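Generate coordinates for the entire structure from the input sequences, incorporating the hints supplied.
One point on numbering: in the numbering used here, the residue at position 6 of the sequence shown is 102, and numbering is uninterrupted.
Certain hints may be false.
As the list claims (entries may be wrong) - Each computed EDC-like pair below joins lysine to aspartate or glutamate, with the alpha-carbon atoms no more than 20 Å apart: (1) LYS177 / GLU130; (2) LYS226 / ASP183; (3) LYS173 / GLU128.
Worth flagging that the hints you see were computed from the coordinates, not collected in a lab.
Since this is a predicted model, take the numbers as computed values, not measurements.
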Amino acid sequence: MSRIHSRRKGISGSRKPMVKESPKWVQQSPEEIEELVMKLAGEGMTTAKVGLVLRDQYAVPNVRLVTGKTIREICVKRGMKFELPEDLQSLMKRAVQLSGHTKANPKDLHNARGLQLVESKIRRLVKYYKREGVIPVSWNYSLDTAALQVE
97 MSRIHSRRKG ISGSRKPMVK ESPKWVQQSP EEIEELVMKL AGEGMTTAKV GLVLRDQYAV
157 PNVRLVTGKT IREICVKRGM KFELPEDLQS LMKRAVQLSG HTKANPKDLH NARGLQLVES
217 KIRRLVKYYK REGVIPVSWN YSLDTAALQV E
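Structural data, given as structure tokens:
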């Protein structure tokens, strides 16, 4: 498998072990974990950050194995609204930062190329999310609207 934006082949990444059930050493019940997820998400943490905090501080290796639902599913079920998917938001935030840098440093061609690559990833993700119905079909990406949505 090759990389998208380079000529290298890349290396294979690590994979989680194929585990079907929750470890026996997890002390919290599924209801307690759902309450923790809602508490942490209510503090403004992203779903990825919630997963890291649960793993590191509460010894919950995988929320889906314990509760049967993902962190996002738990939040949506309890009434939290997400405007955009988290991966799309983080890419848009990165694009806004890179565009600010390239405006301040117009001769920095490496980061100008990086901005092009990030925006291409954003466009591919937007196409996928429109096809899957996660975001509305009328939603379009532009750097100006990204700057408003990210901040």
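Check: Hint numbers the structure violates, sorted upward?
Finding: Going through the list in order, the structure violates no hint and respects every one.
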